[in-house]
Amino acid sequence: MKNNSPRIETSKKNAIYGVFLQFFTLLMSFVVRSIFIKTLGNEFLGLDSLFKNLLNLMSFTELGVGVAISSSLYEPLANNNTVLIKSLINLLKRFYNWIITIIIMAGMIMTVLLPLFINGSMPFGARLAFCLYFLNSAATYMLVVNRTLLIADQKSYINSVNQFVFLFMQYCIQIILLLVGSSYIIYLVAQLISTLLSNLSLSVTSHKIYPYLKDTDAGKLPPEFVRHLRENVIGMISAKFGGIILTSSDNLVLSIFVNLSTVGNYTNYTTVINGITTLLNTGINAITASVGNLGTEKDFGKERKTFFQLYWGNAILIMNISFGLYFFFGTFIRLWVGSQYQLSEMTTLAIIFLFFQNQLRQISITFQIAHSLFWQQRYKSLVEAGTNLAFSVAFVKIFGLGILGVVSGTIMSNLLINSWWEPLIVFKSAFHSRMKRYWLTYILVNFIFVICLLAIHLIKNLETAFFPLCLYYVFFCIIFNLTLFVTVPDFKKLLLKLFNR
-5 MKNNSPRIET SKKNAIYGVF LQFFTLLMSF VVRSIFIKTL GNEFLGLDSL FKNLLNLMSF
55 TELGVGVAIS SSLYEPLANN NTVLIKSLIN LLKRFYNWII TIIIMAGMIM TVLLPLFING
115 SMPFGARLAF CLYFLNSAAT YMLVVNRTLL IADQKSYINS VNQFVFLFMQ YCIQIILLLV
175 GSSYIIYLVA QLISTLLSNL SLSVTSHKIY PYLKDTDAGK LPPEFVRHLR ENVIGMISAK
235 FGGIILTSSD NLVLSIFVNL STVGNYTNYT TVINGITTLL NTGINAITAS VGNLGTEKDF
295 GKERKTFFQL YWGNAILIMN ISFGLYFFFG TFIRLWVGSQ YQLSEMTTLA IIFLFFQNQL
355 RQISITFQIA HSLFWQQRYK SLVEAGTNLA FSVAFVKIFG LGILGVVSGT IMSNLLINSW
415 WEPLIVFKSA FHSRMKRYWL TYILVNFIFV ICLLAIHLIK NLETAFFPLC LYYVFFCIIF
475 NLTLFVTVPD FKKLLLKLFN R
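Sequential numbering from -5 applies to the sequence shown in my numbering.
Some hints could be false.
[Unchecked claim] FRET-style restraints, in silico, Cβ to Cβ:
1) Val198 x Ile10: 21 to 29 Å
2) Arg328 x Glu218: 29 to 37 Å
3) Val480 x Leu434: 12 to 20 Å
4) Asn75 x Leu173: 48 to 56 Å
[Unchecked claim] Below, simulated DSS-like cross-link-like pairs (lysine-lysine); rule was C-alpha separation at most 25 Å, straight line:
5) Lys6 x Lys491
6) Lys32 x Lys46
7) Lys299 x Lys491
Simulated from the structure, these hints should not be mistaken for lab results. For every residue, glycine included, the Cβ atom is placed at its ideal position computed from N, Cα and C.
When you get a sec, could you build the whole thing from the sequences and use the hints?
Below is the structure:
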């Protein structure tokens, strides 16, 4: 079971499979969304977005326990400790059975309270649609332990293939259903069936790779392991609670204080951002197990070097993407769903800046997960969520900023809380070192980003035609990347390592 291939090769394989397949899944999702808007309208689009946010609230029942337990698998997998692996997997199975029950019960209660979350009349069939939504959420936890074990064992490429195959079939069926005039309800039924089949298929595959999963006998977890696991679970409960408030509050604030159509307009932009984020995080998540495996060696100096190489690589990648968004976001929205769905340039720029700040955090988060540093961050997400909600409500309700207010509130919580708290946990508890180098890097990265945005703003004021802007973007990125390749040693080392030079 222990992977004898080099960690970097394993990470590359997982990342390539994940990003490549996720990219095609993303393209399909945009096609489905375009047809969804044209056939069912903006009101159902807003309803669909509201359901997703309500399910984020319901996912609090998971409490983050799954992440805490799965991160505990890295060391026994590295040491081929099948006894401990079976004990953890059986614990996960029992836990997720409870989660499925709780989600169904909470979903039934929330179905009754659904009108409280909608400003105005509730679309016909909304309650039945929400029932299908929460049943699909419950179905995702069926047999999820198989997915968890594969990912923790640096075999996430198997999971990527599974998800792609079944999502591709789901999207094809949903497109056909929408084009022939089927209802929103039938659309959701197809989603539920796809989720069930995906989990069943992955279960068969994982049992072939790990035949001991069929063995129901498992020993007790060691007391010290249980104590450490309990601390991580408590930390994840706090983080999960704050994270759910954070991710769900934006659309809920707009839905309660503005209207569903505004939620739909905002969601068009967040769909693009979330799609890109999913691609990026697929690649980052693919290396998490390898980072966890590296952590078992207890070589803090080696980990710090790896951290800064990944940090610069991630920062430069998301800067390139952010530049493209600033050049073409408005044009893309106009061509995709129509000019009536475009937001102001200030709001668009705020969305891009928030995307950059969120993605800049991901390397710190990866090392937190790899080192199971959940207890150390138990208060962070609560403070972050409270800050975000307070600023968002104030900007929307008091200052009437609408979407710009919601985005600005989230930016404030990122800058005031995340920018220092998350890396502090990593450097103090994982690397056992000071943060001076990190702060210098963080400030430099943000300075470069802001200067480049100002340069792009000047270019856009001089040229508005699409094809000249494409040439400007390509030329800008070439100069940008070459300059940083020459001047940033960590970025250069990472690229040379990736290409085996």
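Earlier hints that do not hold, by number: Hint 2 is the one this structure does not satisfy, whereas the remaining hints hold.
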